[in-house]
Every structure is written in C-alpha cells, then in structure tokens.
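Enquirer: So the chains spell out like this:
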Amino acid sequence: MTLNPSRLSVARRRRGLSKRELGELTSLSDRSLVFYERGERVPSAETVNRLAGALEFPVEFFEKPDIEYVSSDAVSFRALTKMSAAQRDRALAGGDLGVELSSWLDGQFDLPESTLPDLRLQGDPEAAAMALRSRWGLGDKPISTMVGLLEANGVRVFSLAEQVRELDAFSFWHGDQPFIFLNSAKSGERSRFDAAHELGHLVMHHHGQPSGREAEREADAFASSFLMPRSSVITYAPHIPAIERLIEAKVFWKVSVAALAHRLHTVGIVSEWTYRNLAIEIQQKGFRVQEPETIPREMSVMLQEVFAQLREEGKGRPEIAQSLAWPVAELDALTFQLALTVVQGSNRKEPGPKPARDKAAKSGGSDHLRVVG
Amino acid sequence: MAYPRVVLDPDDVPNRLAAISPQITLPLLRQALLDGYTAKVSCTENDPPFFKGTSFYARTTRSLRDQLVPQDWWKNDDRNFSRVISPDDRIAIAVMGGDSSTGNWSREPKTRSKKGPATIDAVEANIHQGELFPVDEVVTRAARAKNAITWVLLYATFLGQGRRTIRAEFSLPASMDADGRITKWAARIILPAIHDDYHSGKGVRGPEPTPDISISVRRRSS
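Same order as they appear, the protein sequences are chains A and B. Going by my numbering, the letters in the first sequence line up with residues 1 to 373, in that order. Going by my numbering, the letters in the second sequence line up with residues 1 to 222, in that order.
Everything labelled a hint here was simulated from the structure, so no lab data went into it.
So the derived label-pair ranges between C-beta atoms look like this: (1) B/48 with A/214: 46 to 52 Å; (2) A/117 with B/54: 54 to 60 Å; (3) A/141 with B/48: 39 to 45 Å; (4) B/66 with A/131: 38 to 44 Å; (5) A/213 with B/160: 44 to 50 Å; (6) B/216 with A/117: 21 to 27 Å.
Listed next, the stretches of chain B that the computed footprint assigns to chain A, with coverage defined by at least 3 CB atoms under 8 Å from CB atoms of chain A: (7) 23-35; (8) 207-219.
Interface residues of chain B toward chain A, partial, derived using beta-carbon atoms under 10 Å: (9) 38; (10) 42; (11) 63; (12) 66; (13) 164; (14) 196; (15) 197; (16) 198.
These numbers come from a predicted model, not from an experiment. Glycine included, each C-beta is placed from N, C-alpha and C at the ideal position.
Start from the sequences and build out the full structure, keeping to the hints where you can.
Expert: Encoded structure:
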C-alpha cells in the first residue's frame with residue numbers, strides 16, 4: 001500500500017485540520033505528517049489506516065493517482081480576508097475534489113463544453129453582462145435557473161455544504177474548464193446572486209488577477225445586471241419603492257429584496273436618498289439575515305440527469321462513491337445532496353429536501369463505503 | 001424678479017424655487033413627496049383609514065426636515081404647526097393636503113383640513129410682510145419664526161387611467177376662509193406630477209422568464 005502525498009493533503013485540508021491537529025487525532029507527530037505530505041517518507045499500512053480513519057476517507061482514496069491542487073491564487077473568493085486559513089483550505093480542498101469528480105463524470109458522460117467567452121475588454125460589467133446575455137440568446141428575460149444555465153454552458157457547478165457565513169461561493173478555471181462552487185447554506189436568492197457573481201469573475205477576470213475590491217465590485221455589478229437587466233427592471237419594477245412592493249416584485253428576477261433595491265438605484269429609478277432609506281429599512285427588518293418570501297434553493301440540473309442515468313444502470317450513491325474512493329457524504333456535499341434524493345427516472349423537476357446540516361448528521365454508518373478506523 | 005403668480009413651465013420651476021431659497025430644489029421636494037407617498041402605500045387594510053393620509057403628511061414633513069436640517073434649517077412645531085425654517089429665519093415650509101384643484105394651474109386649490117391659530121397667524125404674517133418691523137430687530141429665533149414667510153408644499157393624490165398620480169405645488173398662502181382653510185395663494189409653483197403605475201396584489205404582471213433548462217447527457221461507451 002502506498003500513500004499518495006497529494007491525497008493526504010487534500011483529505012486533511014478538507015477536514016479543516018492542521019497537521020498538528022491531525023497528528024493529535026492519530027497520535028502521529030506533525031513532523032511525520034510533514035514528511036508524508038512531502039512524500040519524503042512512506043507511512044506503514046497501519047498508519048495509512050489510522051489516517052484514513054481519522055480523515056473519514058476510504059483507504060483506497062489515498063492510493064489513487066495524484067490529485068491536482070487548485071491554486072488559491074487562481075480562485076476568486078469573495079471574502080477571503082474574513083475567512084480563517086483553515087476555512088479557506090477546507091473550501092479549496094472541496095474544489096480539488098470537485099475537479100476530481102468532474103473528470104470522473106467526463107469519463108462517463110458527454111457533458112456540455114464551456115461556451116464562456118472572454119469578456120475582459122467589454123468596458124464595464126453591465127456591458128459584459130449584456131454581451132453574454134446576447135451571446136446566449138437570453139434577451140432581457142429573468143433567468144429561470146442560474147445553475148442550469150451555467151451547466152448548459154459548460155460550467156461545472158458544485159455545492160459546498162459549508163456552515164461558514166463568510167464563504168458565499170468561489171470559482172476558478174481549471175485548464176479550459178470553468179468551475180463554480182456555491183455554499184448551499186445560503187438562501188436561494190443569495191445563491192443565485194453568488195452564481196452570477198462568480199460567472200462575472202469567470203468571464204471578466206479570466207486568468208487575470210481575480211482578487212481585490214475592484215474585481216469584487218465588478219463581479220457584483222455584473223451579477224446585478226445579468227440577473228436584473230436594466231430594460232426589464234425599468235419596465236416591471238415598482239417605481240414607488242415601498243418595501244412591500246419590492247418584496248412582491250423581487251420574485252420576477254428571483255433576487256433578494258436588498259439586491260433589487262440596489263438595482264433600482266443603479267438604474268436610476270430611486271435616488272441615493274431613497275436607496276439609503278431602503279437599505280436601513282432592510283437592515284432593520286432583518287431581511288439581510290432572513291430573506292422574506294424566500295425561494296427554494298436551486299439544484300444542479302446536469303447532475304440530476306447524470307444520477308438518474310446511473311440509477312437506471314443500478315448505480316446509486318455507494319457505487320459512485322466507490323468509483324471515486326470517496327465517502328458518500330463527500331459526494332452528497334458536493335452534489336447538492338442530489339444523489340440522496342434522485343427519484344426513479346430522469347427529468348425530475350422538483351428539488352429534493354434540504355441538505356443535511358452537516359456531514360456528521362447525514363453520514364450514517366451504512367452510507368459510508370468504508371470507513372477504516 | 002418678475003415671475004407670474006402661477007409658474008407651471010417645468011423649465012421655470014427650478015429657477016423660481018431657487019429665487020425663494022437656493023436650498024429648495026425640485027429634487028428635494030420630489031423626494032419628500034415620494035417618501036410621503038411611499039409611507040402611504042405601505043399602509044395595509046388593517047391600518048385605521050385616517051392613517052394613510054396622516055402618514056403621507058407626516059413622512060413628507062419628516063423627509064423635508066431630514067433633508068434640510070443638515071443644511072442648517074431648523075424644525076419648529078409651535079402650537080402643533082409643523083414647519084421647517086431657513087437658517088436666516090426668513091422662510092418656512094409647511095406640508096398640507098390639498099383638494100382636487102391642487103396642481104391645476106387654472107383653478108385655485110384649497111387645503112383639505114381646517115387649520116389652527118398658528119396657521120392663521122402664519123398666513124397673517126405672509127400678508128403683512130411689508131408692514132412688520134424688520135426681522136433683525138426681533139431677538140429670539142422663535143419670535144422671528146413667527147414672522148417668517150410660510151410656503152406650503154401642497155399635495156393631493158388622484159386615481160385615474162389605471163394609475164395613481166401625485167400632484168403638488170409649492171405655494172404661498174394669501175388668505176383663508178371662515179372655515180379655516182387656505183383658499184387664496186399669492187404665488188403658486190406647480191411641480192411636475194408623479195405617477196404610480198404599479199398595481200400591487202395578486203396577479204402582479206411580471207416579465208416572462210427564460211424557458212426551463214434541460215440538459216441531456218450522453219453515456220460514453222467505454
């Protein structure tokens with residue numbers, strides 16, 4: 001048995017553990033772990049078992065070929081500064097696993113290829129959003145499903161069941177393949193905005209420097225324009241900005257009341273003064289924490305199809321997880337808990353139940369492929 | 001400066017307002033009216049019926065003050081007559097609901113409700129401006145406020161052609177009738193109407209969304 005150092009690193013970071021913490025869990029010195037992760041020493045089979053048990057990954061996971069790390073430089077995090085190193089590493093390791101899942105899927109299915117253009121030179125984010133809408137033939141219509149639209153255009157969209165408020169979403173290019181990871185703990189409205197925000201990064205900051213406040217502002221402006229095209233807002237949004245009307249109208253674009261209020265300001269329907277008052281009211285009513293009249297969270301459209309087809313071949317969650325040598329819980333976490341809820345046959349329309357609160361809650365023993373302890 | 005008694009050309013309105021005080025602008029008055037109207041439409045069926053009108057009046061007054069107090073104006077509620085008064089104490093603004101002639105240049109509007117003694121005194125002060133002692137000789141601000149020229153932001157809402165319209169004017173009261181309503185105006189500046197086309201409630205018409213997306217994935221033969 002040989003332990004692949006890159007996989008030890010991914011599994012450890014995915015669990016949010018430092019080398020020292022993993023050492024404490026496994027009674028190994030952090031020095032040894034440094035050596036193992038650098039590939040400078042080879043742990044015994046017994047040690048690999050112990051590590052696998054502590055990390056809740058099957059032993060086979062550690063024996064597979066190298067896993068490519070997603071470089072944190074290439075990833076656009078919205079609130080990088082607010083996250084701890086462990087939180088960031090945990091999310092990035094989720095990204096590493098997402099890339100692995102994506103290439104496994106590519107081996108099994110012909111999936112949509114990326115149609116994302118490079119819109120770096122569009123001038124401003126609103127122009128970029130309109131250029132993309134035009135290219136995709138969307139006119140100025142509200143987007144029915146953001147995740148489905150992204151997937152149909154070749155973006156791989158996965159979920160991160162992170163109970164980390166600071167983490168909304170992140171995205172990166174892996175070669176020619178764009179990825180977006182959404183924190184499924186956010187509201188449906190927020191998640192759509194995050195998806196559009198990350199789309200903005202992917203098309204505007206492709207291989208550019210994705211960090212920085214200016215880039216974040218641009219991605220926000222892109223998302224706002226992409227989800228709520230100017231002409232559509234001017235025609236259909238209430239021009240008298242009573243909060244009750246905003247709550248009523250936000251469902252047209254499936255956005256948060258805060259996002260609609262902001263858009264009304266940027267298109268010039270409401271003044272700076274009114275916008276400030278609205279923002280205060282939204283804050284006071286707690287709408288930033290608890291979205292009023294909230295919509296269901298979006299699910300992956302593509303993965304529903306994939307899982308439905310595999311199900312027809314008799315392959316369920318344990319079999320898919322086994323192919324990857326992942327714990328089932330990890331598969332569920334990355335795939336919107338879909339594998340849990342796919343019903344017989346394809347073209348399922350209704351999203352399934354809400355994701356479990358954390359991995360401990362849903363990783364009932366029998367779901368685990370093999371947890372060696 | 002020779003302005004006609006009634007100013008209704010939108011191009012003249014800003015200049016006419018600026019001649020009263022450079023801080024009184026069309027956007028400022030429009031914002032106050034919008035804030036008032038927004039408060040009114042935020043009322044529900046379960047609010048007492050009088051409250052809709054009251055909230056329009058109250059929020060418009062507050063908005064005027066919220067906007068002008070940072071520019072050194074001050075609020076005066078002497079005898080429950082709520083006004084905002086200019087830094088030099090010469091100009092005061094009060095908010096009042098008007099009748100259906102409000103904003104109509106060809107008719108003379110009346111205030112909707114009877115006014116109290118403080119309003120009567122203010123109109124008197126308007127009429128006798130030239131005859132009063134020079135403002136500078138009055139020592140206290142409160143006393144000077146009594147002699148300020150009081151302009152009225154007069155508003156009314158109308159329902160017609162499937163939409164609500166707010167009509168308003170910035171006008172200078174000249175006399176009152178025996179009922180205590182202001183009936184004559186020394187000057188009237190007709191503000192552009194504000195329209196509200198939004199129809200609230202069930203069946204609100206929204207834009208057509210993009211069609212649902214289905215993605216067909218083909219199994220690789222391997």
